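Asker: If you want the building blocks of each chain, they are given just below.
4 protein chains.
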Amino acid sequence: MSGKAVGRRADYRWFVTLSTRWMDNDVYGHVNNVQHYSFFDTGVARFLLEAGMFGDNALDLETVTEVGLVVETTCRYYAPLAFPDTVTVGLRCARLGGSSIRYEIGLFRNEDDSACAEGHFIHVYVHRHEQSKTVPVPERLRAAVTAKLLAPA
Amino acid sequence: MSGKAVGRRADYRWFVTLSTRWMDNDVYGHVNNVQHYSFFDTGVARFLLEAGMFGDNALDLETVTEVGLVVETTCRYYAPLAFPDTVTVGLRCARLGGSSIRYEIGLFRNEDDSACAEGHFIHVYVHRHEQSKTVPVPERLRAAVTAKLLAPA
Amino acid sequence: MSGKAVGRRADYRWFVTLSTRWMDNDVYGHVNNVQHYSFFDTGVARFLLEAGMFGDNALDLETVTEVGLVVETTCRYYAPLAFPDTVTVGLRCARLGGSSIRYEIGLFRNEDDSACAEGHFIHVYVHRHEQSKTVPVPERLRAAVTAKLLAPA
Amino acid sequence: MSGKAVGRRADYRWFVTLSTRWMDNDVYGHVNNVQHYSFFDTGVARFLLEAGMFGDNALDLETVTEVGLVVETTCRYYAPLAFPDTVTVGLRCARLGGSSIRYEIGLFRNEDDSACAEGHFIHVYVHRHEQSKTVPVPERLRAAVTAKLLAPA
Numbered sequence: 003m004s005g006k007a008v009g010r011r012a013d014y015r016w017f018v019t020l021s022t023r024w025m026d027n028d029v030y031g032h033v034n035n036v037q038h039y040s041f042f043d044t045g046v047a048r049f050l051l052e053a054g055m056f057g058d059n060a061l062d063l064e065t066v067t068e069v070g071l072v073v074e075t076t077c078r079y080y081a082p083l084a085f086p087d088t089v090t091v092g093l094r095c096a097r098l099g100g101s102s103i104r105y106e107i108g109l110f111r112n113e114d115d116s117a118c119a120e121g122h123f124i125h126v127y128v129h130r131h132e133q134s135k136t137v138p139v140p141e142r143l144r145a146a147v148t149a150k151l152l153a154p155a
Numbered sequence: 003m004s005g006k007a008v009g010r011r012a013d014y015r016w017f018v019t020l021s022t023r024w025m026d027n028d029v030y031g032h033v034n035n036v037q038h039y040s041f042f043d044t045g046v047a048r049f050l051l052e053a054g055m056f057g058d059n060a061l062d063l064e065t066v067t068e069v070g071l072v073v074e075t076t077c078r079y080y081a082p083l084a085f086p087d088t089v090t091v092g093l094r095c096a097r098l099g100g101s102s103i104r105y106e107i108g109l110f111r112n113e114d115d116s117a118c119a120e121g122h123f124i125h126v127y128v129h130r131h132e133q134s135k136t137v138p139v140p141e142r143l144r145a146a147v148t149a150k151l152l153a154p155a
Numbered sequence: 003m004s005g006k007a008v009g010r011r012a013d014y015r016w017f018v019t020l021s022t023r024w025m026d027n028d029v030y031g032h033v034n035n036v037q038h039y040s041f042f043d044t045g046v047a048r049f050l051l052e053a054g055m056f057g058d059n060a061l062d063l064e065t066v067t068e069v070g071l072v073v074e075t076t077c078r079y080y081a082p083l084a085f086p087d088t089v090t091v092g093l094r095c096a097r098l099g100g101s102s103i104r105y106e107i108g109l110f111r112n113e114d115d116s117a118c119a120e121g122h123f124i125h126v127y128v129h130r131h132e133q134s135k136t137v138p139v140p141e142r143l144r145a146a147v148t149a150k151l152l153a154p155a
Numbered sequence: 003m004s005g006k007a008v009g010r011r012a013d014y015r016w017f018v019t020l021s022t023r024w025m026d027n028d029v030y031g032h033v034n035n036v037q038h039y040s041f042f043d044t045g046v047a048r049f050l051l052e053a054g055m056f057g058d059n060a061l062d063l064e065t066v067t068e069v070g071l072v073v074e075t076t077c078r079y080y081a082p083l084a085f086p087d088t089v090t091v092g093l094r095c096a097r098l099g100g101s102s103i104r105y106e107i108g109l110f111r112n113e114d115d116s117a118c119a120e121g122h123f124i125h126v127y128v129h130r131h132e133q134s135k136t137v138p139v140p141e142r143l144r145a146a147v148t149a150k151l152l153a154p155a
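Residue numbers (my numbering), protein chains in the order written: chain A, 3 to 155; chain B, 3 to 155; chain C, 3 to 155; chain D, 3 to 155.
Errors might be hidden in some of the hints.
Claimed, not checked - Using 20 Å as the maximum straight-line C-alpha spacing, the simulated SDA-like pairs for lysine to any residue come out as follows:
| no. | chain 1 | residue 1 | chain 2 | residue 2 |
| --- | --- | --- | --- | --- |
| 1 | A | LYS135 | B | VAL126 |
| 2 | D | LYS6 | C | LYS150 |
| 3 | C | LYS6 | D | SER134 |
| 4 | D | LYS6 | D | SER134 |
| 5 | B | LYS135 | A | LYS150 |
| 6 | C | LYS6 | D | PRO140 |
| 7 | D | LYS135 | C | ALA81 |
| 8 | D | LYS6 | C | THR76 |
| 9 | B | LYS135 | A | CYS118 |
| 10 | D | LYS150 | D | GLY100 |
| 11 | A | LYS6 | B | ARG11 |
| 12 | A | LYS6 | B | VAL73 |
| 13 | D | LYS6 | C | SER102 |
| 14 | D | LYS6 | C | VAL73 |
| 15 | A | LYS6 | B | VAL126 |
| 16 | B | LYS150 | A | LEU98 |
| 17 | B | LYS135 | A | TYR80 |
| 18 | B | LYS150 | B | ALA81 |
| 19 | D | LYS150 | D | SER134 |
| 20 | D | LYS135 | C | CYS118 |
| 21 | A | LYS135 | B | TYR30 |
| 22 | C | LYS150 | C | LEU51 |
| 23 | C | LYS6 | D | SER102 |
| 24 | A | LYS150 | A | LEU98 |
| 25 | A | LYS6 | B | SER134 |
| 26 | C | LYS150 | C | PHE17 |
| 27 | D | LYS150 | D | ASP13 |
| 28 | B | LYS135 | A | LEU98 |
| 29 | D | LYS6 | C | LEU51 |
| 30 | C | LYS135 | D | LYS150 |
| 31 | C | LYS6 | D | HIS125 |
| 32 | B | LYS150 | B | TYR30 |
Source of the hints: derived by calculation from the structure; they are not laboratory data.
Note that the coordinates shown come from a computational prediction; the quantities given were computed from them, not determined experimentally.
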């Protein structure tokens, strides 16, 4: 579709493995295209959690003042996923801007080395209670992205 | 984000209105970014249904031999949606190819005239039981897209 | 299954109509059993919203100090639902206790008069930030339930 | 609520562990009550898959002639789950009838020994293409349930 080669695990830098659910499959017997974004969304959230971005305790959102607003997502689908497959989400950072981060994401079915889907996910950081106001990417996150997601190994 | 103007209802040609659900809202109190694709997916399916693409009776899939495989989707998020908003999905066709269709989609919150999100959704037509084999866009669908979705009014 | 007669619209007192989504259907081509609870959950939330239980503005949760904790739900499935059906959720209150409310819920497919599924949903009211502490059902809600949901018309 | 003691892992006989997703959490920051049924549904499906009930290959539904229709489900919620918790689904069979199976299900948060939620799930076996006609529980399944789910260890 895009003329780009299909990504492999080595093209990504950080991984988390998720389970599929019976109801992810639609009438055609494959994971519905919508659910791929749930894997993207959950993969990014797990990375942010590891980076301490939801407070010192897991999901202690009361203490969070800067949040990442999702402004753009995209997915290219190469091959089907189906329950009961596991899905490994691979992340890398393609652009770490002043107030935004572009995550690139690959989904890997079971033990496959080639991605079954790839896309991106752009967060813009804003003040939690005044969301029209962009803020710098928090330092803690900038450090985590730099250490763990920038440039393929 | 993209430098393009935000779409309005007049930029789209076919519409269907959907309800939001309590669980669409995530911890930030807005419809989660994943659900936007469920509105896209449902909007396209409602159009295909109206075009008779699921058999003569509603969702009579046994008789369907050609299916649209989703190969790419994307969404740009401009403003939040939240339960109990209604969502009007607007469709237009940006490219009607030999075996593929690119739908452009706008989501409109309640009575708003400006889109709160826009994106696209590309279907490639394949043989239902031999999905590596592309087939021409079915004639009935080509006629419906031409009549109802091509070129803004 | 239960020996009880299947409910009809006249057995319920308050109604809201919701749309189904393409991905609600599972591999058998019917709305998956899980989604029925999403209709229950959304029906109750729409009633609570109408009763002013989410703050003076829609979903102004910051101002809410008492929340309904779901402690028990159940559903009996009589007949299938399938996208693109509409679902009308009917509610009545079977028991309005000191700190709990038992909603009885019927789901009606399109224009059908007989329920395709019925169940219940029990809320216990607790202090929002101290959820082990039950509180009385808020007066505003008690009044709304008494006026609109108690005893079939 | 029910006067019954909260179940522990030892009360169940077969287990599968699933991941939570970011969007499972609702505005209150806990997994929404609807998703518990997705864990139930997926747990039962994983058991059926292990028992060979979806064909000789994973989810080879074309060859399946008898399907379990869900006729009743219920859940009691004892304590919250929240992303990024893992959920272990425990199953046992409470009643293996001529054409129906009643699964009892416990959900266990992370390493907890006490269930955070418990419920049941009743399947009635019917002919796949003639769903008003009940059929005996398939022998292969009867054997698997007898061996793996009947009576707590």
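Asker: All hints are to be evaluated individually against the structure, with a verdict given for each.
Answerer: Here is how each hint holds up against the structure:
1. A/LYS135 to B/VAL126: violated, 40 Å
2. D/LYS6 to C/LYS150: violated, 33 Å
3. C/LYS6 to D/SER134: Cα-Cα ~19 Å, so holds.
4. D/LYS6 to D/SER134: violated, 35 Å
5. B/LYS135 to A/LYS150: violated, 40 Å
6. C/LYS6 to D/PRO140: violated, 28 Å
7. D/LYS135 to C/ALA81: holds, 13 Å
8. D/LYS6 to C/THR76: holds, 17 Å
9. B/LYS135 to A/CYS118: Cα-Cα ~18 Å, so holds.
10. D/LYS150 to D/GLY100: holds, 18 Å
11. A/LYS6 to B/ARG11: violated, 34 Å
12. A/LYS6 to B/VAL73: Holds, because 14 Å separates the two Cα atoms, which is no more than 20 Å.
13. D/LYS6 to C/SER102: Measuring from Cα to Cα gives roughly 19 Å; hence the hint holds.
14. D/LYS6 to C/VAL73: holds, 14 Å
15. A/LYS6 to B/VAL126: Status holds; Cα separation ~18 Å.
16. B/LYS150 to A/LEU98: violated, 42 Å
17. B/LYS135 to A/TYR80: holds, 14 Å
18. B/LYS150 to B/ALA81: violated, 28 Å
19. D/LYS150 to D/SER134: Roughly 29 Å separates the two Cα atoms, so the pair is violated.
20. D/LYS135 to C/CYS118: At roughly 18 Å apart (the allowed maximum being 20 Å), C/CYS118 and D/LYS135 satisfy the hint.
21. A/LYS135 to B/TYR30: Holds. A/LYS135 to B/TYR30 sits at ~16 Å (cutoff 20 Å).
22. C/LYS150 to C/LEU51: holds, 13 Å
23. C/LYS6 to D/SER102: Given that 20 Å is the threshold and the Cα spacing comes to 19 Å, the pair holds.
24. A/LYS150 to A/LEU98: Measuring from Cα to Cα gives roughly 12 Å; hence the hint holds.
25. A/LYS6 to B/SER134: Status holds; Cα separation ~19 Å.
26. C/LYS150 to C/PHE17: Measuring from Cα to Cα gives roughly 10 Å; hence the hint holds.
27. D/LYS150 to D/ASP13: Roughly 13 Å between the alpha carbons, so the hint for D/LYS150 and D/ASP13 holds.
28. B/LYS135 to A/LEU98: violated, 40 Å
29. D/LYS6 to C/LEU51: Judged against 20 Å, a Cα distance of about 33 Å means the pair is violated.
30. C/LYS135 to D/LYS150: violated, 40 Å
31. C/LYS6 to D/HIS125: holds, 19 Å
32. B/LYS150 to B/TYR30: violated, 37 Å
Violated hints, listed in ascending order, are 1, 2, 4, 5, 6, 11, 16, 18, 19, 28, 29, 30 and 32; each of the other numbered hints is respected by the structure.
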